[in-house]
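Asks: Sequence:
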Amino acid sequence: LLFAMFKKSGLITLHGPVLRDFLKGDGRNAEWLLKLMTSDELTTVNFPSGTAVKKGRAEGVVLGGNLSLICHLIGTPFLPSFRGKLLFIEEKGEPLYRVDRMLTHLLLSGGLEKCAGLMVGSFEECGDPASVIDLVRERCSRLNMPILTGLPVGHGEHNVPLPIGVRAVLDTGTMSLEFKETCVRT
1 LLFAMFKKSG LITLHGPVLR DFLKGDGRNA EWLLKLMTSD ELTTVNFPSG
51 TAVKKGRAEG VVLGGNLSLI CHLIGTPFLP SFRGKLLFIE EKGEPLYRVD
101 RMLTHLLLSG GLEKCAGLMV GSFEECGDPA SVIDLVRERC SRLNMPILTG
151 LPVGHGEHNV PLPIGVRAVL DTGTMSLEFK ETCVRT
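Heads up: the sequence shown begins at 1 in this note's numbering, then just goes up one per residue.
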């Protein structure tokens, strides 16, 4: 739904926890949402426990979400172009072999090669997290873009809401995603 809304209308949408999950954990998810929705201050998402699979810096429009849902949109009129995008992916409850198949599908579709950068969020209940990082490294290291893991997005305790359709800079030197515009338009 988020991709379709963004592609068909150009509206900024938010990928984040469902309403009942905003107050779980330490409250950072709810604080982040409030900041995105009410502040004209530019924000930065840090990857404190992230890994730079491929180093670099890239600017583009943020796009992303659940890997299996993105793959299901391939070939439909609801998948936005990946050209110049900073793509983030996350997943829950898929065995590693399925994650491998979906990542390979995304690569073979030609979508990933058009991206400016790739960010990997949480892959909850998808096997050993180190195996997911190894898989991303194996499949994606030939791509000419910065690739970071450890984005606090997905189905884990820390699931910061991310605006889809906002310009940002992904930088492996600072291990961050720095937004260049706000989510709220006046």
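Keep in mind that the hints are not guaranteed to be accurate.
Unchecked claim - Straight line, CA to CA, 30 Å or less: simulated DSBU-like cross-link-like pairs of lysine-lysine:
1) K35 x K7
2) K114 x K8
3) K54 x K180
4) K92 x K114
To be verified - The calculated label-pair distances, taken between Cβ atoms and stated as ranges, are:
5) E138 x D40: 18 to 24 Å
6) N46 x S141: 21 to 27 Å
7) T76 x L11: 16 to 22 Å
8) V184 x P129: 29 to 35 Å
9) E125 x E31: 23 to 29 Å
10) R57 x E138: 30 to 36 Å
11) T38 x E113: 34 to 40 Å
12) D40 x R98: 25 to 31 Å
13) N46 x D128: 21 to 27 Å
14) G110 x L1: 37 to 43 Å
15) G10 x T104: 26 to 32 Å
16) D134 x T38: 37 to 43 Å
17) I74 x L42: 29 to 35 Å
18) K35 x G156: 18 to 24 Å
These aren't lab readings, by the way, just hints derived from the structure by calculation. Cβ atoms here follow ideal geometry from the backbone N, Cα and C, with glycine treated the same way.
Asks: Of the hints stated earlier, which fail here?
Replies: Structure breaks hints 5, 10, 12, 14.
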